[in-house]
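Novice: By UniProt numbering, the letter at position 103 of the sequence shown is numbered 103, and the numbering carries on one by one without gaps.
Fair warning: there could be bad hints in the mix.
[To be verified] Okay, derived cross-link-like pairs now, DMTMM-like style, lysine to aspartate or glutamate, Cα gap no bigger than 20 Å in a straight line:
| id | residue 1 | residue 2 |
| --- | --- | --- |
| 1 | K20 | E38 |
| 2 | K61 | E14 |
| 3 | K160 | E253 |
Quick caveat, the hints were computed from the structure, so don't treat them as lab data.
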Amino acid sequence: MHEASGQTRGLAKESPRLSKLVSQLAQCSRREADEWIENGWVSVDGVVVNRLGARVNPKAKIKIKDIASAHTSESVSIVFNKPRDLPGPPAEAGREAIAALIRADNRWSDDPTPLTFQASHLRGLAQAGKLEADEGGMLAFTQEGSVARRLSGGDSRLEKEYHVRVEGELAADGLDLLRHGLSLDNVKLPRAQVSWLSDQQMRFVLLAGKKGQIQRMCELVGLQVTDIKRVRIGSVSLGKLPPGQWRYLREDERF
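Taking the hints into account, I'd like the entire structure generated from these sequences.
Specialist: Next up, the structure:
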């Protein structure tokens, strides 16, 4: 798809942004105008412009495809199953780092949501919480600031559930200590839900956690973690989502 770079060359800096003109012409929000531009639905003097921030001659002829008027702007949230040992993006990852994970070709084929993947879904998409390189499981990405704050805020009250494979021999009072009684860095840890899933796998449910917290907790009671996977954040579960794939948050799900 070609950008109308020829339309902006030599224009004064005060030439208006295309998104502003589209917003005025269609009486839509600037966010919607940006989405329409990014989706290739806007042309300037017959040439499609899909570059955000483009400035154009105020006398240029702007045309908007009919599909744009039927498009409803909405924020999206995404669940991604991070494979173990995949270096996840840093907490303040930019769009390029997130786009390397969230692509059209690795969307879960069984995603039940009716949404069609669009480039605009990556704009402003923020990672909410993170996993270490040797941890796998559920990562959340969202365009909604309120959701990002609920997931990443220091006072987050959303449960995070992990399935943890361990080796070693648990101390006699180890399970009780894991639930409540351990301290890290001279700070007593809040209560946690901890139980056995099988002979070598445990379930941890935490409200908040320090870096490497579960691994360090286990070491204090004689166990070594060999694998850790986050399977739930709040009421949203990873379910059958395969590693390395993603899906949109369903309408009946809320973080």
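Novice: All hints are to be evaluated individually against the structure, with a verdict given for each.
Specialist: Hint-by-hint comparison with the structure:
| no. | hint | in the structure |
| --- | --- | --- |
| 1 | K20 x E38 | holds (14 Å) |
| 2 | K61 x E14 | holds (18 Å) |
| 3 | K160 x E253 | holds (15 Å) |
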